[in-house]
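With chain A held as given, fit chain B with the ligands onto it using these hints.
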Amino acid sequence: MIKLKNLVKKYGQNIAVDNINFNVNEGEFFGLLGPNGAGKSTTINSICGLLKIEQGEITIDGIDIKKNPLEAKKRIGLVPQELAIFDELTASENIEFFGKLAGLRGNLLKERINEALEFVGLSHKAKTTPHDFSGGMKRRLNIACAIVHHPKIIILDEPTVGIDPQSRHHILDSVKQLNKLGSTVIYTSHYMEEVEAICDQIAIIDHGRLIAEGTKEELKKLVLEEEKILIEALDVNFNTVDEIKLLNTIKDVKLDENQLKIVTSDSQHILQDILFVLSKNQVRIKGIQIIEPDLETVFLALTGRNLRD
Amino acid sequence: MNIFVIALSEVKRTFKNKVVLFLLIIMPVMMVALMGYALAPFLNPNETKSIEKFNVLYVNHDDGEIGQRFDTLIKDEGSNYFNLITPESDDVGDEMISNNYDEAIIIPGDLTEKVKNFEEINIIHLSSGDDKMKDSMLSSFVQQFVKSVNHEIAIIKVAEQHQVELDMDEIRENIQTTVTVHELNDTLTINSFQFFGASMLIFFLLTSSMGLGMEITNDRNNKIFTRISSYPVSKNQYLLGKTLGNSIISILQAISVIVLTHILFKVNWGSDYVGLALVVLAVIFISSGISVIFSSMFKSSKTLSTVLIVFYWMLTFISGAFTPIPAFEDISKFILNKWAFESITSFMRGNPLIESIHYIALLIGLGVILWLLGVYLYRRRGSNE
Ligand SMILES: Nc1ncnc2c1ncn2[C@@H]1O[C@H](COP(=O)(O)OP(=O)(O)OP(=O)(O)O)[C@@H](O)[C@H]1O
Ligand SMILES: [Mg+2]
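Chain order of the listed sequences is A and B.
Read in order, the letters of the first sequence are residues 1 to 309 in our numbering.
Read in order, the letters of the second sequence are residues 1001 to 1385 in our numbering.
Extracted from the complex, chain A is given alone in its bound form:
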């Protein structure tokens, strides 16, 4: 459905997207995961034909976005990262405007407006201007404007930033439903829980580069050996940290205030040794937690950085 080949986009000297390749298949729920400034929005805006790209080929449903942008855009519904709605128009007038741009008219348009409002749970606010909306409601309207025309491809750029968990839930459910109804979805986020929970296929990007791609399971396999032990403790000093580092199967140890973060490939067997070292150094332990690999660990393993650093 969507093919990216050797995509490069620069802002002056700054390379925002550095040779990215990936394919999104029809009906897929595709997640694009990466920290701030990774190049997610740039990638997405390139797919939507909004940027002049330096290099690369993008095809949407077999259509080259550079050669035939208007035709390609008919298939896309973009929910931009920033709110892009008119404050002077009511919720339904906002949706109406974008629906018309997508070519809808008459009764079908009316039906679709109501449907979109219902979809994001704003039916009761149809006649209200976004001026009086909460942040979450504005976000929901931002989404409604992009789905009114039933696009084949729905692209959401961090649609849930700054939204309370309940609205977030509602939005994620709605998007999932759209996907079930047949839309191909691209979803960017830097919340890995979100991506992990809803995406079939995930691409992780950092510094404009694609660093891993696959299903959740495939990605985890990449770092299956990685487990994390978190220990809340008082009076840890750096000697202790160094001593733990010397233990077998330990990959990384970090001291973060009163928390020890230990990455290992075998938590079960090494835990005892760690506890021994700690007690020897008279560290008072307040809690222990073992974390199975998640996308955060995948990211950490691949880049050496935390997703939210």
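All clues given are correct.
When the alpha-carbon atoms are kept at most 25 angstroms apart in a straight line, the in silico DMTMM-like pairs for lysine to aspartate or glutamate are as follows:
#, chain 1, residue 1, chain 2, residue 2
1, B, Lys1223, A, Glu88
2, B, Lys1235, A, Glu88
3, B, Lys1223, A, Glu71
4, B, Lys1302, A, Glu88
5, B, Lys1299, A, Glu82
6, B, Lys1018, A, Asp87
7, B, Lys1016, A, Asp132
8, B, Lys1299, A, Asp87
9, B, Lys1223, A, Asp132
10, B, Lys1012, A, Glu93
11, B, Lys1223, A, Glu82
12, B, Lys1302, A, Asp132
13, B, Lys1223, A, Asp87
14, B, Lys1235, A, Glu57
15, B, Lys1012, A, Glu82
16, B, Lys1012, A, Glu111
17, B, Lys1302, A, Glu82
18, B, Lys1018, A, Asp132
19, B, Lys1012, A, Glu115
20, B, Lys1235, A, Glu71
21, B, Lys1235, A, Asp87
22, B, Lys1235, A, Asp61
23, B, Lys1223, A, Glu93
24, B, Lys1235, A, Glu82
25, B, Lys1235, A, Glu93
26, B, Lys1147, B, Asp1110
27, B, Lys1016, A, Glu88
28, B, Lys1012, A, Asp132
29, A, Lys286, A, Asp235
30, B, Lys1302, A, Asp87
31, B, Lys1018, A, Glu93
If you are wondering where the hints come from, they were derived from the structure by calculation, not from laboratory data.
Note that the coordinates shown come from a computational prediction; the quantities given were computed from them, not determined experimentally.
Chain B with the ligands alone, transformed into the frame defined by chain A:
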């Protein structure tokens, strides 16, 4: 179709904003009222002065037929306009100054004799130049007489040469009936409400098209433009839609200003509606072109509107549209406000479109140049980045 969708949404949003609507329609009318009343004494010659008769020092040194003819004419036709005063001394110029008369007429003693010799005649008209209206009324009166007599002489001369018999009485009658008092000179026939109706219409049309520039920059900053671009809408459609929407608003503004000033202040806009519409559209064309250029140069709509407002104030001020400023008379000829103003006031005076066609051509030409530049800058800018 997208063009109309964008244009209509533009109009709709403007109408929802009551403050903007007020500024667009009520402000110009208020300005016309304010300035129209405040500056009426300086600009309403026909209301304040021309009704009154004015003094003219009058000396007739010619006892002959032609002198008599002028005498009868000025005492008859001119009696509603001029108080003829016989000077006490020989020095008419001196007496004008000492008694504060603005105008004087001296008929040379050889007038009739000159006619008999088939020579061109002249009548001396002295004017202090302080009152242009009196000056022009009297001068047109004198000139018409002189012309008609000279015309007569020329006919007789030609007739003599070709030995044609003439019915002198009929010729005289035909020529003399053309001598009438022109109450007002051409340039003075509009009143202060017409003056400010025209100048404020132009000024507010310029400033209201500023909305186009602000819309473009705002849409860019609010990511609305990016979003619109993600739909099957081309950059050109967007620009055309926005321009059309804004022009509709400006046209509605122009109509309401014209109608309201007509109802409230009896402003006579003339009857050349085609010409008036042409000028209005040309001004909108120009100012939207300027807006497009500026929107490519400035990032924030605040900066853009501030710069443009100052720019338009200066143009309007220099053009003499707030009050005529003699010092700027020469530069004002190069200012678009002036071109539009001259055209509109020409319609007000009842002149046909053809008389101001050069101004309208200038306006449209300028608009074309500005738009070419504007579109070039607009297309060059990668507006999503
Ligand atoms: N308009 C722009 N001009 C210059 N540089 C830009 C512009 N937009 C993005 N960048 C740069 O490109 C890089 C990628 O930005 P991008 O917005 O794609 O990141 P992102 O993954 O979407 O981040 P976030 O999670 O914060 O939205 C960043 O280094 C950013 O500074
Ligand atoms: Mg982003």
